[in-house]
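Engineer: The task is simple: from the sequences and hints, build the whole structure.
Chains as they are written, first to last, in my numbering: chain P, 1 to 245; chain D, 246 to 428; chain U, 429 to 662.
Derived by calculation from the structure, the hints in this document are not laboratory data. Yeah, the Cβ is synthetic: ideal placement off N, Cα and C, and Gly gets one too. Accuracy of the hints is not assured; some may be wrong.
Going by beta-carbon spacing under 8 Å, a handful of chain D positions derived as facing chain P [claimed, not checked]:
no.: 1; residue: 263
no.: 2; residue: 285
no.: 3; residue: 287
no.: 4; residue: 333
no.: 5; residue: 337
no.: 6; residue: 338
no.: 7; residue: 362
no.: 8; residue: 386
no.: 9; residue: 396
no.: 10; residue: 398
no.: 11; residue: 399
no.: 12; residue: 400
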Amino acid sequence: MSDAKGSPRNHGEASDFVGSREITREGPGAAVAAPKEVEIIELDGHGGHTLEPEWKRLPIGPDHILYPLVVGLALFPILMGDAGHHLADDMPDDETHPFFPDHFWPYPIIAVVMLITVGLLSAFVQKNLQLEASADPRAVTIPRPDWYFLFLFQFLKLGNEFIFSIGIGTVVIILLLVFPFMDAIIGPRVARRLGWKKWPVPGRNIITGTVFVAALVLIALLELWALAGPQFCLPWFVNSPVCGA
Amino acid sequence: MADAAAPRRVTRRTFLGWWLASLMTATVVTAVAPILVFLWPAPPKGQKKGPLLVSLDTPLDQLQDGTATKILAPTSPNSAFIMADGGGDNSPGDLAFGAFVVKTGSTVEVFAQNCSHLGCSISFVPASDTHPETSFDCPCHGSRFHMDGSVLHGPAAYPLSHLTWKQGDSPNQIQVDGIVLGF
Amino acid sequence: MAIPHPREIQVAVVDWLDERYPFTKAVDEALYQRVPNFANAFYYCFGGMVFILIVFQLLTGILLALYYVPDASSVGGAAAPAYTSVNFIQNSVYLGWLIRGVHFWSANILIIMVLLHMARVYWTGAYRAPRELNWIVGILMLFIILALALTGYLLPWDTKAYFATEVTIKITAGVPIPVIANLTKELLQGGPVVGPPTLQRFFTLHVFVLPALIVLLMYVHFRFIRAHGIAEPL
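Structural biologist: Below, the structure is given as structure tokens:
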């Protein structure tokens, strides 16, 4: 996993691995017959990464009072397993920066800002948090979903219940799940037919890019339609007119 | 790996493979089956079907033509009506907490209040200047129904569900098929 | 005997650990690995924000569970314990409004951030090989988040929650094959109508099943990221 293309920096680890495989190939008895000296456990896959040189790091070494903090932070990537061959390993030094502290420092700030934001929202926008009457199945109310389901709610009004809920829903879910494969298999064929040199990523691709923007616009329009309220009605192909929620 | 061209032969190895596979399948089935059964809801104690007595404000024989009276399923004990038929989202046996008693001509029908589209509670809207036809309107997705329960406007595609009912002991009482929920 | 300086004790502990596991080396390699400069763009931090918000959700969720009562049975028309307990959290528990508010608002912002993160990944083509599996894991997490939003909506047990859930269950059970439709409905509702058993089921999903699933998938997501590194820029 660490390196499929064979990075020149990774030779040490790779040759060790080949060596151990040769030992097992000699037959079932070989591995037990000649035990080598007990090796100290080494983390695989890290070999070959360019790290920030020691003299440039923040002076938080094992003897520093903040070291436990740094360890706590490092535990996260350690838990996440071996780092493979990353893009930064092949980039010149002036195009990269160390994760700690250069890349890490905005996140505590983001966390605090978000906490303050949600705290202020809970203090000053309590209207959304106050409850209605206790649930009563005999009451007559209009169930209106939260904003993130509102466009689906509006979408349901546009046609046959099954097709517009489970039908299209399932299709969209499956399309989302297999999208990377469609992009990799169908994309280049479309590109060839159009005479393009390659099939670019959606940000540079008129087709996949437009599909994305169109989907967003569709969702936004449905959402606005619903938000416009029950008095706002538009003609539609079936069940015309269809009103907001 | 066995040679693909050679005729299949049960070796010790393939036998053990299948043996292990069946053992593991059996383990999974014995673990999953009781879980699925456990997930199936059991009726709570005290749940029982039977006719529910509902009182009307106006006696049955004095109901006006072309009007609808709303009735609610009794709350103590907590009960619900059982639909006799259905279409779309309603099906026979589904429950309703409210209903409309409707008189059209000489017949009296009782409809469950659940819209056949997605089950929101419909309301009775008499004809007016802005609303040319007396109908049952669903506030959720805009479906409308005629007084006889048939669809006037989509997205609902099926008529309202009937409830089975009969005249009670007194003239302003009816018995509607229902269920005591037990919770 | 001289009392060792705390720094010496710390070094001794680290040395002891280092003899058993290449601890310092692992810490160094985790922290001082280099990151491409293009990853400093603001739109690369949406994923991190989602992570922070999920941590908020887990913490406030645990706190809310200390007071919440998942019981919807109402005796003699009185409000159900589920409803009164949420009211109690909101209006009586010290800083209850804050904890519940953070849970509520973080959930809302979380959905926005998830969508923004997904949009960034799509737009820059970061789902491409070898990262397809991580895209799939991400989509699964999106649906778990939506399921969490859906199940959480019912828990206050007010009218709005009740009817929204009723409609949702009807939609899920909208398969035109009656047997399957009824099966789904009964299993989700835990009975013939939305009632106390439904709340119990949604509570179990919201508090035990879905958080466990999402934490597991987050672990897989991060392991993939750690293995693949950051994708090429647009």
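Engineer: Each of the hints needs a verdict: does it hold here or not?
Structural biologist: Each hint tested on the structure:
Of the supplied interface hints, the one on residue 263 (chain D) is violated, with its beta-carbon coming no nearer than about 24 Å to a beta-carbon of chain P, more than 8 Å. At a threshold of 8 Å, the smallest CB-CB gap from residue 285 (chain D) to chain P is about 22 Å, leaving the interface hint violated. Interface hint status for residue 287 (chain D): violated, as the beta-carbon distance to the closest one in chain P is roughly 21 Å, over 8 Å. Annotation: residue 333 (chain D) was flagged as interfacial toward chain P, and the flag holds, the nearest CB pair being 7 Å apart, inside 8 Å.
Contact between residue 337 (chain D) and chain P, as hinted, is not supported at the beta carbon level, the nearest pair being about 19 Å apart and thus beyond 8 Å. Hint status for residue 338 (chain D) relative to chain P: violated, with the closest Cβ pair at about 17 Å, above 8 Å. Interface restraint check: residue 362 (chain D) against chain P, minimum CB-CB distance 6 Å, threshold 8 Å, status holds. Taking 8 Å as the C-beta contact cut-off toward chain P, the hint placing residue 386 (chain D) at the interface holds, the least distance being around 5 Å.
Restraint check, residue 396 (chain D) versus chain P: the minimum CB separation of about 10 Å is more than 8 Å; hint violated. At its closest, the beta carbon of residue 398 (chain D) sits 6 Å from a beta carbon of chain P; the interface hint therefore holds under the 8 Å criterion. Among the interface hints, the one on residue 399 (chain D) holds; its C-beta lies about 3 Å from the nearest C-beta in chain P, closer than the 8 Å criterion. Taken as an interface hint, residue 400 (chain D) checks out: its beta carbon lies about 5 Å from the nearest beta carbon of chain P, inside 8 Å.
Figure legend: structure checked against the earlier numbered hints; hints not met, in rising order: 1, 2, 3, 5, 6, 9.
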